[in-house]
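When you get a sec, could you build the whole thing from the sequences and use the hints?
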Amino acid sequence: MADLEQVSDYLLTEYRLEQQGRLVSEALAAPGITVAAFLRYAVGRSRFLWRDGRNGITFAGMGTAVDLMAWGETRFRGIERQARELFSNAVPLHTAEPLAAPRLFGGFAFREDFVPDFAWQGFIPAHFVLPHFQLVSHDGQQWLTINALAPIDEEPGELTEQLCEALKLCYQELLAFVEQTPDGPSDALAPATIGYPMPYPTWAEMITQAQAHFRTSPLQKVVLARVCEVRRPQPIDLDRALAFLQEHYPDCYTFLFEPQPHHAFFGATPELLVATEGRQLRTMGLAGSIQRGKTAEEDQTLADELWHSAKDRLEHALVVDALRRRLLPLTTTLTIPKEPEIYQLSNIQHLYTPVQGELQQPDGVLPLVEALHPTPALGGSP
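All the letters of the sequence shown, read from the start, carry residue numbers -7 to 374 under our numbering.
Since the hints were made in silico from the structure, they are not lab data. Please note that the accuracy of each hint is not assured.
[Stated by the list, open to error] Cut-off 30 Å, straight-line C-alpha distance, at most; resulting in silico cross-link-like pairs (DSSO-like, lysine-lysine):
1) K303 x K213
2) K330 x K213
3) K286 x K303
4) K303 x K330
[Claimed, not checked] Using C-beta positions, here's what the derived DEER-type ranges look like:
5) E157 x D313: 25 to 31 Å
6) P354 x D313: 23 to 29 Å
7) E157 x T194: 54 to 60 Å
8) P354 x V219: 37 to 43 Å
9) I228 x K303: 14 to 20 Å
10) G372 x W112: 38 to 44 Å
Glycine included, every Cβ here is placed at the ideal spot set by N, Cα and C.
Here is the structure:
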């Protein structure tokens, strides 16, 4: 791996400029490279993953070619502006495969006044990363892409040649790595101790206060949460944890954002905030939940109970109404079914309403993220 590291370090040192530069990317087909092997190979560097369990499309990244950062109430627009600048002058990718195009991985803090505490050390309010190397896997095909910045006033020809050589070298090293360390089963995670910094009496008092607010204020929905600390005798093996999540929650979105080694945000969620393709958008209302049954009959009984629950239907309606209210000014058409469906996962079932629409302007996904955040599904109402 030393040769590849030397080439990569040279490229990034030579061409990664302070907020200036022209994005250059190269890609090649990479049969035989699994996402799991790619991420294991990247241990010790920044790593990223996004997998759509419904269609199997998986994007992964390692290393950092470009950092986009923003703070405060303008963090959404700040990242959008930087992303547009980055891609507006990019050298066209020499491949017809759109999935191989350069991708940003990142996220936003829930609150605009976010200040990192111990658990979130190493994270900032808005941070997106263009990885140095990225892999996409879909329908049995894999593509490997390399990204770097060239001086904006220079022709990218020389850099393109160097990127192609580094990309081929990376692919060969990945193939050798796959042969040496084949993907294995996701073993059970080692036992851990679980603790709650907030004592239970304090937690119970919060619940009591929330109930009182329902009677004395316009509050319609509240989402309460407390920190759970999980401690293990050994460092958490992120690769095994991700494999476990994908195995047990195959229909969810599985994600990893590790901007610094061993500082990672990862998980699996069934909820899509918003996705766009041209003028088309899709999102979902996902609120109201009940457990799965031990038999098919019990499962159906529980689903019927959820569907007819006045409390859960009200909770779900608050989420769907918020989506409708925020999206109507931005769309020419908006399709929302009148009744929810049952959305079943391995361990839980939810009330689910798919939402589709056509945007007035195809401005990308980030303006919609800003318009929809926070949804009542996570942030309560009002």
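Consistency of the hints with the structure:
{"no.": "1", "hint": "K303 x K213", "verdict": "holds, 10 Å"}
{"no.": "2", "hint": "K330 x K213", "verdict": "holds, 21 Å"}
{"no.": "3", "hint": "K286 x K303", "verdict": "holds, 24 Å"}
{"no.": "4", "hint": "K303 x K330", "verdict": "holds, 17 Å"}
{"no.": "5", "hint": "E157 x D313: 25 to 31 Å", "verdict": "violated, 55 Å"}
{"no.": "6", "hint": "P354 x D313: 23 to 29 Å", "verdict": "holds, 25 Å"}
{"no.": "7", "hint": "E157 x T194: 54 to 60 Å", "verdict": "holds, 59 Å"}
{"no.": "8", "hint": "P354 x V219: 37 to 43 Å", "verdict": "holds, 40 Å"}
{"no.": "9", "hint": "I228 x K303: 14 to 20 Å", "verdict": "violated, 36 Å"}
{"no.": "10", "hint": "G372 x W112: 38 to 44 Å", "verdict": "violated, 21 Å"}
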